[in-house]
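Residue numbers (the working numbering), protein chains in the order written: chain V, 4 to 487; chain S, 4 to 487; chain Z, 4 to 487; chain H, 4 to 487.
These aren't lab readings, by the way, just hints derived from the structure by calculation. Among the hints, erroneous ones may be present.
[As the list claims (entries may be wrong)] No farther apart than 20 Å at their CA atoms in a straight line, the calculated lysine to aspartate or glutamate pairs in the EDC-like style are these:
1) V:LYS417 with S:ASP171
2) Z:LYS26 with H:GLU409
3) S:LYS423 with V:ASP159
4) V:LYS26 with S:ASP166
5) S:LYS327 with H:ASP333
6) V:LYS28 with S:GLU409
7) V:LYS327 with S:ASP166
8) H:LYS59 with H:GLU84
9) Z:LYS327 with V:ASP55
10) H:LYS26 with Z:GLU409
11) H:LYS327 with Z:ASP159
12) S:LYS28 with V:GLU416
13) Z:LYS471 with S:ASP333
One-letter residues, chain by chain:
Number of protein chains: 4
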Amino acid sequence: MKLKNGAEYIESLRQSHPLIYYKGKRIEDVTRHPATAPHVRAAAMTYALANDNDYKDLATATSHLTGRTISRFTHVHRNIEDLIKKIKLLRVLGQKTATCFQRCVGHDGINATYSVVYEIDQKHGTDYLQRFKKWLTWIQDENLMVVGAMTDPKGDRSKSAADQLDPDQYVHVVERRGDGMVIRGAKIHMTGAVNSHEILVMPTSAMDERSRDYALVCAIPVNAPGVTLIFGRQANDDRRDNRERIDVGKPSFGAVGGEAVIAFEDVFVPKERVFMDGETDFTGALVYRFAAHHRANYGACKTGLMDVLTGAVSYLTQIQGTAKASHVRDKVTEMIHLCETLYSSSIACSAEGWPTPSGAYMVDTMLANVCKQNVTRFHFEIARLAVDLAGGFIATLPSQYDLESEEIGHLVEKYFSGVKGVPTKHRIKIARLIEAMTGGTALVESMHGAGSPQAQRVMIFREGQLDKKIRLAKALLGIPVKGK
Amino acid sequence: MKLKNGAEYIESLRQSHPLIYYKGKRIEDVTRHPATAPHVRAAAMTYALANDNDYKDLATATSHLTGRTISRFTHVHRNIEDLIKKIKLLRVLGQKTATCFQRCVGHDGINATYSVVYEIDQKHGTDYLQRFKKWLTWIQDENLMVVGAMTDPKGDRSKSAADQLDPDQYVHVVERRGDGMVIRGAKIHMTGAVNSHEILVMPTSAMDERSRDYALVCAIPVNAPGVTLIFGRQANDDRRDNRERIDVGKPSFGAVGGEAVIAFEDVFVPKERVFMDGETDFTGALVYRFAAHHRANYGACKTGLMDVLTGAVSYLTQIQGTAKASHVRDKVTEMIHLCETLYSSSIACSAEGWPTPSGAYMVDTMLANVCKQNVTRFHFEIARLAVDLAGGFIATLPSQYDLESEEIGHLVEKYFSGVKGVPTKHRIKIARLIEAMTGGTALVESMHGAGSPQAQRVMIFREGQLDKKIRLAKALLGIPVKGK
Amino acid sequence: MKLKNGAEYIESLRQSHPLIYYKGKRIEDVTRHPATAPHVRAAAMTYALANDNDYKDLATATSHLTGRTISRFTHVHRNIEDLIKKIKLLRVLGQKTATCFQRCVGHDGINATYSVVYEIDQKHGTDYLQRFKKWLTWIQDENLMVVGAMTDPKGDRSKSAADQLDPDQYVHVVERRGDGMVIRGAKIHMTGAVNSHEILVMPTSAMDERSRDYALVCAIPVNAPGVTLIFGRQANDDRRDNRERIDVGKPSFGAVGGEAVIAFEDVFVPKERVFMDGETDFTGALVYRFAAHHRANYGACKTGLMDVLTGAVSYLTQIQGTAKASHVRDKVTEMIHLCETLYSSSIACSAEGWPTPSGAYMVDTMLANVCKQNVTRFHFEIARLAVDLAGGFIATLPSQYDLESEEIGHLVEKYFSGVKGVPTKHRIKIARLIEAMTGGTALVESMHGAGSPQAQRVMIFREGQLDKKIRLAKALLGIPVKGK
Amino acid sequence: MKLKNGAEYIESLRQSHPLIYYKGKRIEDVTRHPATAPHVRAAAMTYALANDNDYKDLATATSHLTGRTISRFTHVHRNIEDLIKKIKLLRVLGQKTATCFQRCVGHDGINATYSVVYEIDQKHGTDYLQRFKKWLTWIQDENLMVVGAMTDPKGDRSKSAADQLDPDQYVHVVERRGDGMVIRGAKIHMTGAVNSHEILVMPTSAMDERSRDYALVCAIPVNAPGVTLIFGRQANDDRRDNRERIDVGKPSFGAVGGEAVIAFEDVFVPKERVFMDGETDFTGALVYRFAAHHRANYGACKTGLMDVLTGAVSYLTQIQGTAKASHVRDKVTEMIHLCETLYSSSIACSAEGWPTPSGAYMVDTMLANVCKQNVTRFHFEIARLAVDLAGGFIATLPSQYDLESEEIGHLVEKYFSGVKGVPTKHRIKIARLIEAMTGGTALVESMHGAGSPQAQRVMIFREGQLDKKIRLAKALLGIPVKGK
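The following block holds chain V by itself, in its conformation from the complex (with noise of 0.2 Å):
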């Protein structure tokens, strides 16, 4: 792992520069720009766990290519143990940054490449694997961070990708040559973009034989000639400053994982970049396994976050004085029931793993579908827990510039204290930590990231097995069945 530390992480960010806008105006370096810098400390938190005694074992992996010592972000999972020591792994993530730590989008990417390249390799006699690993192995050894890149505009959704009107809605192949292609498109909600070093480029859909063009995979370097990068408004990102601390709730961090539009304005892709050029017939395999792996992730990073709100709330209601009322322990008992609700099926989803035929590992597809399914719903309903128990204080707290006045300071310091030996200013702390968790971008995070709710349930229905269960019923009340 060339890239050792956060600090190397960080630097190497420095070295790199992106085109990226976000206000209108260039950001010239995100790991100091106060939009962009607290994801970055996030992304970071992924580099120093590496390094980190009590983490180490979860952080790092051996590399199956090389045998070297590898992030496991950057691994593909050998076995059942690989998935679940992922899954604690984005939970303590969770917990250290209370928010997205963007690595695992590309480390999905990577694993639901590698497996499908390998089938269209067998299938269709093609030779992207050795590409892939290639690209792969350096991305290892370099320790870089990849981006997941799958979310097209779309458009009008009525419509599908062939149909659209501007044909630019869904990333595709404006010009193949001999060296490579050259691409057109963006890829939107992309979480972590402005501070990865490469992007790896999918389709977000199924394709059908019209769309060839749109069935492609590749790797861009973050960099590349053509290459723009919009930065998206965060709920209260205008809070974010040198100076204002406290009034942003996550001081170090940001509320979510930092999500840009990248654009490709005819962007050239070398060809040993390019795993994927038209096998339409294996786009639904890859999106589906992408989007398995990362449904996955949802109940242990957000179970990560909601340790941290469930924390949060319980020191507030102490410092409230209302921590033992009875129906606020059951409201936090709610809580840890909901959160552990959704850990169970990232357990569960990795523990019932199965191997590829390349010999990667996948999640149970349905688990990983179920566990979203229910972060869609389980963190709104902690959420409004958490603002339940927080108090309306939390929506109505004047700004650190009104208790830091020289004229009313003393009003605020008086006026929000709680029990007696527990600064104000720590009463304020915890309740902007809850106001910056429980509303507007967080949410919508954990509603959409990983595919909207109605994704899952498409899945759920059609790996439901009804003609099983129905034969299960018919068994029991001795109706013939057919075929049997």
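Start from chain V and add chains S, Z and H according to the hints.
Quick look at chains S, Z and H alone, frame taken from chain V:
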């Protein structure tokens, strides 16, 4: 009504010069400061409707004190029709502002005080009603906005008012003189305070005998000496300036009512403005009636908001080409269903209204509590559904600056377009509106405004007539009922 | 009212001799057969209350046809007060019987038919209203019980009435003669049919032009030639005999209304009893109005039932020594909360009632649908809470035979005792009541009576005024509204 | 395994002659009496699978005591794989019986006792493990069925064991002799008791020092002198006879496990069958481990049941012609989703299993509690969805006698038909199955089996590590953590 319309109301606020702080600085003109102006405009709508032929019947009433036409927000309910008209008025105002228009708080305070001071006078031989009528006639004739001020900071909530280390954690009398009294303390979460004319101070909870100095009702001008207001932060408040219109979501109106701390530092209150002083035996009734009226409102104004949100989501799904999907229609149905369930309780608790001894009408308190309890649940669920249908881009959308950027505006324009014929800007506006209505402060307000969920549960249990219900069960089973 | 009380009603049933089957055998006397007698007694309560001074005002009305005092269950609603009184009457009856007392179905049929035939006459120049008034006057004066008969078997539900393989899957005219018509088909789930005097046949859904023979409203005596009733099974129906009183749960009353199939095998209907024949354009309105009235009722009668259930559970927790546990109080609070939420919609849809052209009053249809939709959810949840609080023994309790056994009665007596002073038998009675009210038929009835959940959702979406709501959102954002 | 299959198991029960009462009469042969035979058949399935090549690997294990092949239901878990195989076995059995097969209770009792008596011996120098191993080897070799007997009647639950007016409300030692002890009391809700061979008596809760006589673990043959069983009533139990097959729903298997009261009237227990006597310090651990194992099971067996229910509902919608409606597919999806959420926790708590000092493996207790907690909610919701989709006719269906009646059978046949080609009888059978699986006893069992909901919540709160979570929040905010 001296103040005849929104413009006159706004002008009146410019004449008053209350001491308001926000982010550490004084606000000189609430009607023009970007943080407060949206709230002023929402309150102004309560004045405007009185002149709108479509709504005049809802927005005005005939004073039982003077026979003159007055704003309904200064009216004492005389019958069930009054209660129902208020509900309808609130829903319309919610539909027109998509936010809190603040004025019902004072209205509920007026109604609670009117009926309770009548009963105090009956029992204790005081003359509060006569004082109150005089003040109220002036409010009606001038058409002033009153902030109903109930919630104290409370400090350590495991202790009662009299047991706080700092006696100022509850507003109390510090000195009594022949011509009035001096009070100290603060009220927090004061909706509409910065753009009201008068403060109606009420106790925050039932007081015991030891807390006579806390059993206090009085009226104080917002700009009285010793009164300081500190305006609280809201979600995305920093997006509000005089240029950035789209990203705030609701360009004309605020996220919520605009809450402030009101600190009273030894404020003098003349005798004729004191409506309760030490009658602890009536504090419970006052709080209870205020709370019941206020809880009844939430199924009306929030319903109006949710009408807007439902419309916004429906329109967005049309733009995105998903409006006809069965799961989309089902989720919209659910939004409407929950919304109308809330409305049911507002209407029902009014239809079951009853006269107090003073002649002022009360709502059915059980149904009013049920109403608010559901708001604390359904607003989150409706927000969750709206976020689901809107899609992840409401959390990752670039800013208006990017949309208008010469360098990258074309990318935002292109990649956030929807179905043919609808400008990208419309899609973005709708998205920002949904973002503003589903996150942060807006939800906290629905949770805690008019009392936190547990407050309603305590009342629901208390009013549940379990003894009667046990008798019903026993009667069915032939089990003897004692005393019958 | 010829039938003045419950005893006269019961006697009248003994004079009628409808053809009723149950478990393969004919029931000779519905008033004495253990399967049907409990349902007769519940319906008799509707007669009894008319003589009870406490409830007379609710249980009777003044006929607008004759000016005579009649049972409210035969009354055409003339105003909002009528609608609200009906709701209160239903809740009282639910409290007194803890079951379905059946008579509202015919009442709703009468009201729907009255207002719709008025409009048919207006449009088509028919004389249905005159016929209907004559029949109704007789019903009012005799004080007869009418079963509103709407639901057809429907066969293959992917096909409409006219497309069924078997035309009899929907009731239809098979022959028209000068003096009347002959009909064939069946109505299923017919609440109260076996102990009614008259059947009011109505179409089960909106009919298209091809289905003229299915567009049919008429009145038929329950004991008319060609009419056969088959009484359905209910949960634990075999526990009903003439000795075993405790194990049935509700000794005097049934689990639900007592539903039957009514088969019409070429039944002749005289012309004066035909109130619609072929006017397909009014079938939708008829179904819609019947359904709305009926859905409004469910938040009233079921609320009465849940009052009993809440009382039973509360008493049981007292007997078991758990009543003061905080989680017990919280669950009881939730039962009350859900119950009163339902009641809200029944009251609200009545308070928002409106006059049809005929003068008959309709409920607000949106709120009535919302009401029933919530019943389909909340009754299960209330049952779940009741089962939680009651404890597992309601599912494992030995029978009354064991309690009374010489050999082992002492063991049952000993090991099912609770707190000191309450006989074990009381605890067991309460447990059996809760068992009867939380399982099986009772819950299915709340789900599907007055229309299955999806039927309400279709109406809620249709009446949701999405266009208006979209305009509200656009107005707030300054987006131009077409045609405005 | 001496008992090699279901037939031998059944035969063994015929040799035993326990004293069983039901509806006031003695049951002479549990294998033939209609009330108990269905439960015997379900338990027999646990024997049958051991010979089924498809399931042998799940249904058997290798004894760590003897190295011989044994039923998994008599096995002490040695590793995570054992825990997971148990879960899969339970789901299969649930799918094949659609009911409780009872045998896991004794299995969990064996595992809890094994690990705890090891620790007692370590601390107190007793020789319980040696006694227990001897008994267990015999159970394994004979392949006997053991009922794990924990729940005491408890009398007045506001009082502890030692404070009951009647000391027998908890099973206790009434006399100690050199060769053993005499016990008195009862266990209630005893699943599978009437068709087990042995009773493993355990304390019902943690006992304090004053309750030494209640700290008792021992094994007693079901047919021992002084043991009386009273078999409880179940929903629709009277439909069970030897002719009426359809109306019972599940013709071969019972509604639930078949619960009984076991009364011990001065039963003598020889010393070698006593495994705890007075070690109150270990009662908490025993209850806790038993409960955790048992709670883990509920996400497995119930999942199997719900698979059948989902299949039944799906098939019924096909018969009724509604299977393709979008709301039907959505509700089926939800049934699967909830079902797999439950399964997740069963798998996860096993995958996170850990070795006790004895070498026996425990499940993760947090996730096991979470599992059961969800069962208490989801089974009701799944039942609600099933009832919704099935339609109202499951509550109004005529009996099999009517279907087969010469007079009216043709009407039932005609009016309960569905799509072409499926016999009406199949539709009715499916309806009765759904009726049996969604009402009454079945739901109560899911609520209270393995502990009532509040018991899980207490554990979830206790194991929630709030201190750690508070430290996480403080760390993020830079708030000093004491002692760090």
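query = Is it true that the CA of LYS327 (chain V) sits at most 20 Å from the CA of ASP166 (chain S)?
reply = holds (18 Å)
key: Distance restraint between LYS26 (chain Z) and GLU409 (chain H), which requires alpha-carbon spacing of 20 Å or less   = holds (12 Å)
inquiry  = LYS59 (chain H) and GLU84 (chain H) were given as a pair; does the straight-line alpha-carbon distance stay at or below 20 Å?
reply    = holds (15 Å)
query = When you check the alpha-carbon spacing of LYS327 (chain Z) and ASP55 (chain V), does it fall within 20 Å?
reply = Answer violated: LYS327 (chain Z) to ASP55 (chain V) is near 50 Å, above 20 Å.
message = Just to be careful, I want the Cα atoms of LYS423 (chain S) and ASP159 (chain V) compared with a cutoff of 20 Å; is the pair within it?
response = holds (8 Å)
ask   = Does ASP159 (chain Z) lie within 20 Å of LYS327 (chain H) when you go C-alpha to C-alpha?
value = Holds, at about 13 Å.
key: Hinted pair LYS28 (chain S) and GLU416 (chain V), Cα distance within 20 Å   = Holds - the C-alpha atoms of GLU416 (chain V) and LYS28 (chain S) are around 16 Å apart, at most 20 Å.
message = Does ASP171 (chain S) sit within 20 Å of LYS417 (chain V), going by the straight-line distance between their CA atoms?
response = holds (9 Å)
20 Å Cα cutoff - pair LYS327 (chain S), ASP333 (chain H) = The hint holds at about 16 Å.
ask   = Is the Cα-Cα distance between LYS26 (chain V) and ASP166 (chain S) 20 Å or less?
value = violated (51 Å)
request  = Starting from LYS28 (chain V), check that the Cα of GLU409 (chain S) is at most 20 Å away, please.
outcome  = holds (10 Å)
query = Straight-line Cα separation of LYS26 (chain H) and GLU409 (chain Z) no greater than 20 Å?
reply = Judged against 20 Å, a Cα distance of about 12 Å means the pair holds.
In summary, the numbered hints that this structure violates are 4 and 9.
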